[in-house]
Amino acid sequence: MKEIIAQINKVFENKTRLGVMSALMVNTSIDFTDLRDLLGITDGNLASNIYLLERLKYLKVKKRIIARKMRTSYSITESGRRAFLEHLKALESLIEGLNR
Amino acid sequence: MDKTNDHMANIEHIRSIMEKSTTFMSLTGLSGVMAGLYAMLAFALVTLKLNSLLLREDVLRRITAENGLQVFMAVVLAGALALTLLTALALTIRKARKKGQPISDGVSKRFAVHLFLPLVAGGLFVLALAYHGQLGMVSSAMLLFFGLALINSGRFVLMDMFWLGTVEIILGLAAAFWPSLGLVLWLIGFGLATIAYGTLMYFKYER
Numbered sequence: 127m128k129e130i131i132a133q134i135n136k137v138f139e140n141k142t143r144l145g146v147m148s149a150l151m152v153n154t155s156i157d158f159t160d161l162r163d164l165l166g167i168t169d170g171n172l173a174s175n176i177y178l179l180e181r182l183k184y185l186k187v188k189k190r191i192i193a194r195k196m197r198t199s200y201s202i203t204e205s206g207r208r209a210f211l212e213h214l215k216a217l218e219s220l221i222e223g224l225n226r
Numbered sequence: 048m049d050k051t052n053d054h055m056a057n058i059e060h061i062r063s064i065m066e067k068s069t070t071f072m073s074l075t076g077l078s079g080v081m082a083g084l085y086a087m088l089a090f091a092l093v094t095l096k097l098n099s100l101l102l103r104e105d106v107l108r109r110i111t112a113e114n115g116l117q118v119f120m121a122v123v124l125a126g127a128l129a130l131t132l133l134t135a136l137a138l139t140i141r142k143a144r145k146k147g148q149p150i151s152d153g154v155s156k157r158f159a160v161h162l163f164l165p166l167v168a169g170g171l172f173v174l175a176l177a178y179h180g181q182l183g184m185v186s187s188a189m190l191l192f193f194g195l196a197l198i199n200s201g202r203f204v205l206m207d208m209f210w211l212g213t214v215e216i217i218l219g220l221a222a223a224f225w226p227s228l229g230l231v232l233w234l235i236g237f238g239l240a241t242i243a244y245g246t247l248m249y250f251k252y253e254r
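First to last, the protein sequences are chains A and B.
Residue numbering for the first sequence follows the working numbering, starting at 127 and increasing by one per position.
Residue numbering for the second sequence follows the working numbering, starting at 48 and increasing by one per position.
Mixed in with the good hints there might be a few duds.
[Claimed, not checked] Subject to a maximum C-alpha distance of 35 Å in a straight line, what follows is the list of computed DSBU-like cross-link-like pairs (lysine-lysine):
{"#": "1", "chain 1": "B", "residue 1": "K145", "chain 2": "A", "residue 2": "K189"}
{"#": "2", "chain 1": "A", "residue 1": "K195", "chain 2": "B", "residue 2": "K251"}
{"#": "3", "chain 1": "A", "residue 1": "K215", "chain 2": "B", "residue 2": "K251"}
{"#": "4", "chain 1": "B", "residue 1": "K67", "chain 2": "A", "residue 2": "K189"}
{"#": "5", "chain 1": "A", "residue 1": "K189", "chain 2": "B", "residue 2": "K251"}
{"#": "6", "chain 1": "B", "residue 1": "K96", "chain 2": "B", "residue 2": "K251"}
[Stated by the list, open to error] Partial chain A-side listing against chain B, Cβ under 10 Å, derived:
{"#": "7", "residue": "V137"}
{"#": "8", "residue": "M151"}
{"#": "9", "residue": "V152"}
{"#": "10", "residue": "N153"}
{"#": "11", "residue": "D157"}
{"#": "12", "residue": "L161"}
{"#": "13", "residue": "L164"}
{"#": "14", "residue": "L172"}
{"#": "15", "residue": "Y177"}
Just so you know, these hints were derived from the structure itself, not from any lab.
The beta carbon of each residue, even a glycine, is placed where N, CA and C say it ideally should be.
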């Protein structure tokens with residue numbers, strides 16, 4: 127049991143970060159605004175949580191200028207994918223363990 | 048027990064975000080039904096004007112010879128297409144508003160590109176066929192490109208577009224081998240099949 131809890135990733139206990147990672151798991155890349163609308167949160171909330179995920183190297187940032195506007199998009203890194211899958215596995219075994 | 052509920056809620060959140068970020072939810076089966084009705088109307092107008100259900104050699108020759116007939120058919124087709132697009136757009140916007148979902152997000156754009164790229168290519172190809180006087184192949188080309196567009200964009204919507212796409216492709220190939228049945232197969236593909244599909248999807252996902 128303790129080992130499983132150790133695998134629960136504290137980073138993903140925040141709903142915004144969990145949402146960002148879930149969306150990036152199944153999309154090659156997503157724009158900032160699309161991500162914000164998808165999760166229904168404010169710019170500030172999204173930006174600060176993305177900054178944290180970026181520092182952990184869980185996601186990559188790509189900035190392009192389209193029609194004189196900066197467009198920022200994000201994609202998941204290999205270590206981000208691994209961390210998320212481990213977290214998911216830990217969640218699943220916790221639920222199984224508690225249900226037994 | 049509370050902990051389990053927490054974890055369950057987290058997993059539900061993950062599942063819902065994954066689905067919402069990859070699926071365009073605001074399409075409605077009613078669009079398919081309306082498109083089919085417009086197609087049936089177009090079929091009725093064209094067959095009445097041609098006074099024939101079959102595209103036999105003599106009918107094709109008549110169409111090729113008479114510019115008026117070609118213009119009439121082009122106008123009817125363009126009209127049905129315009130009505131279909133306008134209706135689908137209106138119904139989609141209405142459904143998105145009702146569910147409080149964005150209409151132009153990443154998924155809807157990807158869906159639109161994957162749907163319209165083959166459709167526009169097909170439209171231009173049909174124009175090229177008409178330009179070269181290959182009118183017997185027009186039905187087939189329309190059905191084939193429509194089917195490919197549906198198969199290509201199907202993964203972005205909940206509805207099982209793949210199956211409708213497959214039906215359209217089979218009809219398109221049939222129309223290629225039996226061009227005289229072109230109009231009838233066109234009616235089945237664009238009229239009856241889309242109405243049946245739209246109705247099925249409406250009851251499966253929207254009730």
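Open item on the list: Run through the hints listed earlier and report the numbers of any the structure violates, in increasing order.
Closed with: 2, 5, 6, 7, 14, 15
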